[in-house]
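To convert, take the position in the sequence shown, counting from 1, and add 6; that gives the numbering used here.
These aren't lab readings, by the way, just hints derived from the structure by calculation.
Please note: incorrect hints may appear among the correct ones.
Unchecked claim - With a cut-off of at most 30 Å between alpha-carbon atoms, the simulated DSS-like pairs for lysine-lysine come out as follows: (1) Lys96 - Lys173; (2) Lys201 - Lys86; (3) Lys43 - Lys133; (4) Lys173 - Lys201; (5) Lys43 - Lys187; (6) Lys86 - Lys133; (7) Lys108 - Lys96; (8) Lys96 - Lys201; (9) Lys201 - Lys187; (10) Lys187 - Lys108; (11) Lys133 - Lys201; (12) Lys187 - Lys133; (13) Lys201 - Lys43; (14) Lys108 - Lys173; (15) Lys96 - Lys43; (16) Lys96 - Lys187; (17) Lys187 - Lys74; (18) Lys86 - Lys173; (19) Lys173 - Lys187.
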Amino acid sequence: MTKNAIEHEALHLFIGGEWIAPHSGRVIASIDPSTEKVWAHVAEADEADVDRAVAAARAALHGPWTRKITASQRGAMLSKLAELMRREAKNLAMLESRDNGKPLRETLGEVQRAADWITFFAGAADKINGEQIPFRPDALAYTRREPVGVVGAILPWNSPVSLYSWKLGPALAAGNTVVLKPAEQTPVSALALGK
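Turn these sequences into a full structure, and let the hints guide you.
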C-alpha cells in the first residue's frame, strides 16, 4: 500500500479475510499533522461492523487457525509477517509519518523494532507450555495453556506500528484470533499492515 494509492482510495475494513465497505458507508478523514490537510479516508466501523468482525474472528478461531495449525506453524507465519514488515519498512514508516506526524527517522526505527517484536513472539509461539506438578504419589496436577479466543485490541494514536506488534504478536502466537481497532487519528499504518 503506497502513499499515492491511499490518497486515491477509501480504505475499507478488513473482516474475515476480505476488504469490505463499512455497514454505514461512512468514512473518517485522516489528517496529515504536518499540513493539517486530509490525506486519506478510512472506513468508520459501526456496531454492525464490529459484530461482523467478532463473528468472523470466532469462526476463524474454530477453523484451521487453531485446530490444524501447530504452534511452530504459527511462529513461522509470524516470522513471515516480520519479514514483510522489514521489506516494507520504508513504506510503512512513510505512512506512519504521514498519519502521525512523527519524523521519518523515528517511524523507521519504530517499524524495525515492531518487526523485531513480531520475531520475538514468533519464537515464543512453540514455547508456550503448561506444567506438571506431583500432587500425590498417584496423581499429577497440571496446567495447560490454551487460546482464550477472540482478542479485542485497541490501538492508541501515538505509536500504532509498535503497539500493533505488541498486541497482535502475543495473541496470534498463543493461537487466538484478533479484532484490531486502530485509533481514528492514526489508522492508516495498521490498515497497511493488514494488507
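Q. Which hint numbers doesn't this structure obey?
A. Going through the list in order, the structure violates hint 3 alone and respects the others.
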